[in-house]
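Chemist: Letter by letter, the chains look like this.
Protein chains: 2
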Amino acid sequence: MSRVSGDVGAQETVTTDTASFQCHSEAPYIHKVCIPPKQNLLHEFTARVKETFFADDPLRQFKDQPWSRKFIIGIQSVFPILEWGRHYNLTKFKGDLIAGLTIASLCIPQDIGYAKLANLAPQYGLYSSFVPPLVYAFMGSSRDIAIGPVAVISLLLGALLQDEIDPDIHPLEYRRLAFTATFFAGITQVMLGFFRLGFLIDFLSHAAVVGFMAGAAITIALQQLKGLLGIKKFTKNTDIVSVMQSVWSTVNHGWNWQTIVIGVTFLAFLLLAKYIGKKNRKLFWVPAIAPLISVILSTFFVYITRADKHNVAIVGKIEKGVNPSSVKEIFFTGTYLAKGFKIGVVAGMIALTEAIAIARTFATLKDYQIDGNKEMIALGTMNVVGSLTSCYVTTGSFSRSAVNCMSGCYTAVSNIVMSCVVLLTLELITPLFKYTPNAILASIIISAVLGLIDIEAVKLIWKIDKFDFVACMGAFFGVVFVSVEIGLLIAVSISFAKILLQVTRPRTSVLGKLPRTTVYRNILQYPGATKVPGVLIVRVDSAIYFSNSNYIRERIMRWLGDEEEYLKENNQPRIQYLIVEMSPVTDIDTSGIHALEGLHGSLQKRDIQLVLANPGPAVIEKLHASNFTNLIGEDKIFLTVSDAVVTCAPKIEQA
Amino acid sequence: MSRVSGDVGAQETVTTDTASFQCHSEAPYIHKVCIPPKQNLLHEFTARVKETFFADDPLRQFKDQPWSRKFIIGIQSVFPILEWGRHYNLTKFKGDLIAGLTIASLCIPQDIGYAKLANLAPQYGLYSSFVPPLVYAFMGSSRDIAIGPVAVISLLLGALLQDEIDPDIHPLEYRRLAFTATFFAGITQVMLGFFRLGFLIDFLSHAAVVGFMAGAAITIALQQLKGLLGIKKFTKNTDIVSVMQSVWSTVNHGWNWQTIVIGVTFLAFLLLAKYIGKKNRKLFWVPAIAPLISVILSTFFVYITRADKHNVAIVGKIEKGVNPSSVKEIFFTGTYLAKGFKIGVVAGMIALTEAIAIARTFATLKDYQIDGNKEMIALGTMNVVGSLTSCYVTTGSFSRSAVNCMSGCYTAVSNIVMSCVVLLTLELITPLFKYTPNAILASIIISAVLGLIDIEAVKLIWKIDKFDFVACMGAFFGVVFVSVEIGLLIAVSISFAKILLQVTRPRTSVLGKLPRTTVYRNILQYPGATKVPGVLIVRVDSAIYFSNSNYIRERIMRWLGDEEEYLKENNQPRIQYLIVEMSPVTDIDTSGIHALEGLHGSLQKRDIQLVLANPGPAVIEKLHASNFTNLIGEDKIFLTVSDAVVTCAPKIEQA
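Line by line, the protein sequences are chains A and B. All the letters of the first sequence, read from the start, carry residue numbers 1 to 655 under the working numbering. All the letters of the second sequence, read from the start, carry residue numbers 656 to 1310 under the working numbering.
Think of the hints as simulated: they come from the structure by calculation, not from any bench. We treat Cβ as the ideally placed atom computed from N, Cα and C, and that holds for glycine. Please note: incorrect hints may appear among the correct ones.
[As the list claims (entries may be wrong)] For lysine-lysine, the following PhoX-like pairs were computed, each having C-alpha atoms within a straight-line distance of at most 20 Å:
(1) A:LYS32 with B:LYS1121
(2) A:LYS50 with B:LYS1121
(3) B:LYS1089 with B:LYS964
(4) A:LYS605 with B:LYS1021
(5) B:LYS1021 with B:LYS749
(6) A:LYS63 with B:LYS749
(7) B:LYS705 with B:LYS687
(8) A:LYS466 with B:LYS705
(9) B:LYS1089 with B:LYS975
(10) A:LYS309 with A:LYS434
(11) B:LYS964 with B:LYS887
(12) B:LYS718 with A:LYS568
(13) B:LYS1260 with A:LYS366
(14) A:LYS328 with A:LYS92
[As the list claims (entries may be wrong)] Take a look, some chain A residues computed to stay more than 10 Å from chain B by CB distance:
(15) GLN61
(16) TYR88
(17) GLY254
(18) LEU271
(19) PHE284
(20) ASP308
(21) LYS317
(22) GLY408
(23) ALA457
(24) ARG505
(25) PRO573
(26) ASN614
(27) LYS622
(28) ALA625
(29) ILE632
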């Protein structure tokens, strides 16, 4: 008996009992199909639960440790900083310092702009770049992610909140609802992590996310036309048709040429900086520093020329000082509680999807491990704490994380550095932003969100999978032409439709023998494969469950019908054996066994023998338990298709 | 090149182009993995749609037919009676007549009782056994199904309607809502059939249905204690706790001994008849005729003794005459429209599940074909017409269908016969039911619903699949201890949870070589299988999609980690090749390819080569399109695991 590694979850007991194996190899070339040893029911159940919720085996390091050590490991697993902090040194700090300063210079102007996307006052953007990154630095396990407000979540939150409360009429209620939503976004994230339901975010397909992000980027960029063109009256809708109508209807007397000059000039500058950074990877700091330079230059320019008197819209006074408490602002009762909860769940899930994707990307790049569920707890805690300190929903920003990584960060300390810079900004220099023109913020946002449009990814999706492409485009057009919510709904629906398709319509294929081998392969893929006269070999490519059992039965009968029709037309001998290759059938349930029984019954009426090849461990066990093996006969179950054919072929009667 | 049968949907074009096949077999024993010929995009798309929605190829018979013939086939496919009616003869009619009379005798007392379950007056039960079976006989394709009101749907409809309107206070509105729900149940069924969404009902797992039915049977039986014990004041709740409280609290002065004597006597008679029918299959007509005999005897007895004066509750006057029109009673506006719609959708889906299961069972038994989607249109039409003629939701009754089949029915004419008998009953003899004691109806319902409790099926589910058993018990206890709606919700949720589990946590296994073969199998199933030193072979048992791609990547890395740890402890040579057996991987999407790229990257860092064995047609095509084959090298992709091992093993460096 071969060795079985000791720590494989579902099958730990396997090594213990060899007597129960029912393996006999009587003929020298034929191994019989083995039935795996019966497992203890409770053990089987816990193994299944473990594989589902603890697939990454998070408690592994606790094994065989004394209690005191367990306690320390426990604390360290909640606050990873305690672990990596011990190996922290000056070299690492140098890297983190530079990276932190770079992302701070990038985030400060972005924060002010993104707060506007969420219909909040500018300081709330800055607040959100102070507390949450600090919390994350202590609890998070990603070394490269840069935490703070991001464009898509700001837009989504703004759109969802605006449906409930008008931010212009009831700014206080609006802000309170925003904190409520942030609170529940955090709670949602913590809960998903705590109950190990992190896999739920995997249900949003990559393609749908790409489309959604690109659509959101276009929508955000369009929204910035307001600031860039100096338009005063602007639609609240986010779809492209309403926005373009708003833009064109104001072309004669709503646009402000001074604003346009400032905005377009600096937009050109920012895009040029971006281009330079892209061309020469060593100059990555050029686009990173460009937004802050633009802000300083344009603010100085407006202040000197007093352009605000010529209708150039400026940011205005930003509240000075560190985050005030917002504990009492959260709605814990009333109708807004439910609304805040709903919005929070949606925003929290999307924020998670983005953050986890970023964390995973950089972890793969630098080859370290990310624990998805632990990460969720960190992100959730950071949002809960944020909601109590006047922050709105934050997550990982892809562009800033990339800059962080390229600037040479080593650990999450770069987030702490950024946080400190934002603190200093809040305490000291917010008044200086008074004369910053809105047009500059618009330019910065436009140049930032353009990075969310990933044309290469879309091209690849088109090349690889057309159905994914439809999902991608559906989400994209949903966002651009209708609204963010509809786009999101389309993305989720298409993702689910794909899953449902996968489980209801599994593939089946007819196999043929490759010449001069004992290998049987799909005859549509291998045109050289030949059929065995009198035998039809069908492979089923999925577990047989209630959701597809009827389809599989009917599909196999249709393969048979087609084959029989062809043979009849060509006067060839009729089919006498139907071999079902079960290798890919990993599991079967009661409905599946009923379907097989039905298939057996139908075949018997046509005088055809049902033969099974290579049923897996779970399947053979259930076929035995349900007595199906006796129904068709133990001798009809073979280890390989080749064995089955070798045994069946000589018995074929010549017509 | 082998022959490909001409009518296989997704792959029709395969035979046309052999030049594009990239198959070379240079080494004599190694076939290369083939890339299937590129398919026209539109063709691929239509093939996919066809396989999803038209898996049964319903338009096949229309092919290559002149227009006039197509028209006739079209009419016949809507009204199958036009086809089978042409071969109808006297022998068949004799069988159908006897079967029809038998099921009529069974359905009349049941109808009156079931109408009460739905909180409707008795005549509505009879109405529902007149029009719908007639409509079905013309449009349906099942030969054995017996149409009419059934216990579970009556209970479900009653419970759902009662939540909206109290039938005692507003009987008219209640009835109108019942017709509205019936109308939308029919519309739902027609739509599901028309848009070929019939597979949606497959999402209710067999196990959940078994549990739900058993729970509903217990609930219905408990409800009948009211009639059986002659209790006047009875709870409206259906859970076992409320009902038993109701029963015990009335034990001293609420029970009526005369009623109990009548009820229990006839219940014993009915159960005895059932037992006789079960013991001797030839006496199947005994239990079929027993209910009518009970009704006649007990009615006569009550009439003679005027037991109704001794507080024996009787049915009372039943409206005489044929179904009145209810077109104007349906709510087409107002708040009840939405409520009726919601209830209708739920009741319609459950009714479909039951009818299709019955139709399929008997079709398999007698070996004829049922077109699920066409069947749905027939059932839906029958309910829409029913809702306009004072009927409530009807479907196929399992017990009556079984009797129908055993009585020797040949075609749906037995439904017409039954329908005519019910018509005569409505026109002539309803007044005779006035003195029928309610206790008899209770006895009849109890003896009927006991058949819904399928202990054998539950035992089998327990033996085969523990997860299915949990689903079954969840639905059962939900119905019995809470309510029908909650039980249904549990059944649906557990079914979906199972599907989600299936797609997020596919199985993976480590393979080993069976001695003296070139066959590689799961080492946990085949303890004789041995590992190849320096090589780890992992099989992935599912399509790699966004929902599981991360899990699969992490799981493979965990297999590798476990293996490496073991090898290190035992001072064995390290792993140098990781072979992923892709046979069961039927498809891959962009997320899946990203996961493979990530896997390749991680392996490279550990100086391990990634090798793929036997990728299927869809997979190899996408691996090529995404350039992944070039990334790992074309020479790393093999036709079989055996080929891969033969090529890799000699290259392994000895540590």
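Chemist: Next, verify each hint and record whether it holds.
Modeler: Hint check:
At most 20 Å may separate the alpha-carbon atoms for a hinted pair to count; LYS32 of chain A and LYS1121 of chain B exceed this at roughly 26 Å. Pair hint LYS50 of chain A plus LYS1121 of chain B holds up; C-alpha atoms about 16 Å apart against a cutoff of 20 Å. Between LYS1089 of chain B and LYS964 of chain B, the direct Cα distance comes to roughly 13 Å. Compliance with the 20 Å bound is thereby established for this hinted pair. Of the supplied pair hints, the one linking LYS605 of chain A and LYS1021 of chain B holds, its CA atoms being roughly 10 Å apart against a limit of 20 Å.
Taking the CA atoms of LYS1021 of chain B and LYS749 of chain B, the gap is near 19 Å; set against the 20 Å cutoff, the hint holds. Proposed proximity of LYS63 of chain A and LYS749 of chain B is contradicted: the alpha carbons are some 76 Å apart, above 20 Å. For a cut-off of 20 Å, the pair hint linking LYS705 of chain B to LYS687 of chain B is broken: about 31 Å separates their Cα positions. Proximity of LYS466 of chain A to LYS705 of chain B is assessed by CA-CA distance (about 16 Å); at most 20 Å being required, the pair is judged to hold.
Restraint check for LYS1089 of chain B and LYS975 of chain B: the C-alpha separation of about 11 Å stays at or below 20 Å, so the hint holds. Only pairs whose Cα atoms come within 20 Å are accepted, and LYS309 of chain A paired with LYS434 of chain A is accepted, the gap being roughly 14 Å. About 15 Å separates the Cα atoms of LYS964 of chain B and LYS887 of chain B, which keeps this hinted pair within 20 Å; it holds. With a CA separation close to 19 Å, the supplied pair LYS718 of chain B and LYS568 of chain A stays within the 20 Å bound.
Straight-line distance between C-alpha atoms of LYS1260 of chain B and LYS366 of chain A comes to about 10 Å, which keeps the hinted pair within the 20 Å bound. Only pairs whose Cα atoms come within 20 Å are accepted, and LYS328 of chain A paired with LYS92 of chain A is rejected, the gap being roughly 40 Å. Non-interface status of GLN61 of chain A relative to chain B is upheld: no Cβ of that chain comes within 10 Å, the nearest being about 13 Å off. No Cβ of chain B comes within 10 Å of the Cβ of TYR88 of chain A; the nearest lies about 24 Å off, and the non-interface call holds.
With a cut of 10 Å on Cβ distances, GLY254 of chain A stays outside the contact zone with chain B, its closest approach being about 43 Å. For LEU271 of chain A, the shortest C-beta to C-beta distance to chain B comes to about 29 Å, beyond the 10 Å cut-off, and the non-interface label holds. Every Cβ of chain B is farther than 10 Å from the Cβ of PHE284 of chain A; the closest lies at roughly 22 Å, confirming the non-interface assignment. No beta-carbon of chain B is positioned within 10 Å of the beta-carbon of ASP308 of chain A; the least distance is around 48 Å.
At roughly 46 Å, the least C-beta separation between LYS317 of chain A and chain B is larger than 10 Å, which holds for a residue marked as non-interface. GLY408 of chain A, annotated as away from the interface, keeps every beta carbon of chain B farther than 10 Å; the closest lies near 20 Å. With a least CB separation of 8 Å from chain B, ALA457 of chain A falls inside the 10 Å interface cut-off, contrary to its annotation. Not every CB of chain B lies more than 10 Å from the CB of ARG505 of chain A, the least distance being 5 Å, so the non-interface label is violated.
Here PRO573 of chain A stays apart from chain B, with its beta-carbon at least about 14 Å from theirs, past the 10 Å limit. Listed as a non-interface residue, ASN614 of chain A fails to keep its Cβ farther than 10 Å from every Cβ of chain B; the least gap is roughly 8 Å. Once the 10 Å rule is applied to beta carbons, LYS622 of chain A is inconsistent with being away from chain B; the minimum gap is 5 Å. Non-interface status of ALA625 of chain A relative to chain B is broken: a Cβ of that chain comes within 10 Å, the nearest being about 4 Å off.
Non-interface call for ILE632 of chain A relative to chain B: holds, since the shortest CB-CB distance, roughly 16 Å, exceeds 10 Å.
The structure fails hints 1, 6, 7, 14, 23, 24, 26, 27 and 28 (numbered hints given earlier, in ascending order).
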